[in-house]
Amino acid sequence: MTKTKLKLVPTSEFTFEELADAYNQTRVDYMVPMPMNAERLAEYVHVYDVDLEKSYVAINSEQTLGLCMLGLRPGISWITRLGILPIRRRMGSGEALMRRLLEVSEEIDVKQTFLEVIKGNVPAHSLFLKLNFEEFRELLILRRPPLPSVTIPVLEAQWVGKQEALELLLQRIPAQAWTNQTKSLANAENIYGLKVETKDGGRGWLVFQRTEFNLSRLMFHTENSDPIELMLEMLAHLHTKFPNLDSYTENIPVEDPHFPAFEAMGYFEVFRRIEMVRPT
Amino acid sequence: MAKVLVIEDVADSANLARKILTNYDHEVLVAMTGSGGLKLAIDERPDLVLLDLGLPDIDGQTLLGRLRTEAELGNTPIILCSAWPEEAARKMAHAYGFDGYISKPYKVVKFITVVDSHLGEQPDNIHDQN
Ligand SMILES: CC(C)(COP(=O)(O)OP(=O)(O)OC[C@H]1O[C@@H](n2cnc3c(N)ncnc32)[C@H](O)[C@@H]1OP(=O)(O)O)[C@@H](O)C(=O)NCCC(=O)NCCS
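Just so you know, the protein sequences line up as chains A and B, in that order. The opening position of the first sequence corresponds to residue 1 in the working numbering, with each subsequent residue numbered one higher. The opening position of the second sequence corresponds to residue 1001 in the working numbering, with each subsequent residue numbered one higher.
Hints were generated in silico from the structure; no laboratory data involved. Please note that the accuracy of each hint is not assured.
What the hints assert, rightly or not - Calculated lysine-lysine pairs in the DSBU-like style (CA-CA distance at most 30 angstroms, straight line):
| # | chain 1 | residue 1 | chain 2 | residue 2 |
| --- | --- | --- | --- | --- |
| 1 | A | K7 | A | K199 |
| 2 | B | K1110 | A | K119 |
| 3 | B | K1110 | B | K1039 |
| 4 | A | K241 | B | K1110 |
| 5 | A | K119 | B | K1091 |
To be verified - Derived list of chain B stretches under chain A, where covered just means 3 residues or more per stretch with a C-beta under 8 angstroms from a C-beta of chain A:
| # | region |
| --- | --- |
| 6 | 1022-1030 |
| 7 | 1061-1071 |
As the list claims (entries may be wrong) - Label pairs and their calculated CB-CB ranges:
| # | chain 1 | residue 1 | chain 2 | residue 2 | range |
| --- | --- | --- | --- | --- | --- |
| 8 | B | R1068 | A | D256 | 23 to 33 angstroms |
| 9 | A | T151 | B | K1039 | 52 to 62 angstroms |
| 10 | B | D1025 | A | E134 | 27 to 37 angstroms |
| 11 | B | D1012 | A | E134 | 36 to 46 angstroms |
| 12 | B | V1108 | A | Q171 | 55 to 65 angstroms |
| 13 | B | I1042 | A | E135 | 26 to 36 angstroms |
Backbone N, C-alpha and C fix where the C-beta goes; we use that ideal spot for every residue, glycine too.
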């Protein structure tokens, strides 16, 4: 197979329209197509701390071949939005983009680089293994159509705004996937939370994003109590208050003990991702 | 003849859907974004909507909920069209209350059979068209 003569140009030299267009074209045949417009991409870049000067578009003399973006937070980096046009695959462009982002990460003292790949995406998974990424854990993507809650909450809930919600998130042991880290939620708009307490000292909180049509980014914690019961209680509050909102939450580790409460509340697994990590 | 709204962001898929539907004498409206699709659905009141899950501005599931809240569209069949793995797509169609499901890439006979079954029509020239 002949290698394409390619040039890597920082994404900061393109408009969000151009980047969204390139991204969508690389994903037309993707197993779970999730196209973006410029506005969504700009929000994505902001929420996930994507550094557009350290992210790249691969081009050859005639056209854009693909792109790949790098998120940066203290000591760690995250590779995202990788895609190559279907007719330009298997010519080394994907690997070249990845290698550039890994080099950039090394240059700026990053200790670990993370990424996620949809389970079953063999080309991407093989590429990441080739570049010495290791599987770290499996993550669930859950979804729930708009439905009233079938469970009536018993405990009282205290609803909180973004500031307090972020303080709740800081109580977590920081082991979340990039999209769910406290910094992602701090960067996002419309973040709220709720807290519940049981008579015998059990406590739980749920943080979420609420937009016009959706509830998303559900983050949660329970202590001194049955995680499933307390989670069910919090979800019952959430969906009783917002019965008409479509809900989804991403990148919840498969072994999370709260998962049965989500199922009981009508959430279902849409697909899984594999989180991978590479020490720099 | 029925009025069919295709909400689909990939030009090739939208064009193929348009071609098949036109061949079967349906009137076709195409929107390449969710917001455009919502507007066309409200303004034009189609007899059937073909809705892609992955749209650049709002996802198909959320748009379905939005369409369902429009009183005039309450009884309009909405068919999920998706390239997602079949099991996941069917699960989604069922959970969200889509009226039907067509997998992508489109197969002409399957496509028109599903469309016409939701319009209460029998496709009469299927073999010539396949
Ligand atoms: C994954 C993707 C970016 C790879 O890009 P590419 O330019 O075709 O890949 P390269 O030619 O640089 O291949 C590099 C390595 O990737 C792996 N690879 C790429 N395509 C593969 C395939 N179809 N099957 C198995 N391994 C494959 C191989 O390890 C290959 O190394 P090799 O040539 O020594 O065998 C491309 O397939 C793509 O855009 N897919 C759709 C979008 C996507 O899945 N993005 C990743 C989301 S996490």
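For each hint, the structure was consulted:
1. A:K7 to A:K199: violated (63 angstroms)
2. B:K1110 to A:K119: holds (29 angstroms)
3. B:K1110 to B:K1039: This hinted pair holds, its Cα atoms lying about 28 angstroms apart.
4. A:K241 to B:K1110: violated (41 angstroms)
5. A:K119 to B:K1091: holds (17 angstroms)
6. 1022-1030: Contact hint for the region 1022-1030 of chain B vs chain A: violated, 0 residues under 8 angstroms.
7. 1061-1071: Three-residue rule met by the region 1061-1071 of chain B, so holds; n is 5.
8. B:R1068 to A:D256: 23 to 33 angstroms: holds (31 angstroms)
9. A:T151 to B:K1039: 52 to 62 angstroms: violated (37 angstroms)
10. B:D1025 to A:E134: 27 to 37 angstroms: violated (57 angstroms)
11. B:D1012 to A:E134: 36 to 46 angstroms: holds (38 angstroms)
12. B:V1108 to A:Q171: 55 to 65 angstroms: holds (56 angstroms)
13. B:I1042 to A:E135: 26 to 36 angstroms: violated (47 angstroms)
Comparing the model with each earlier hint shows violations of hints 1, 4, 6, 9, 10 and 13; every other hint is respected.
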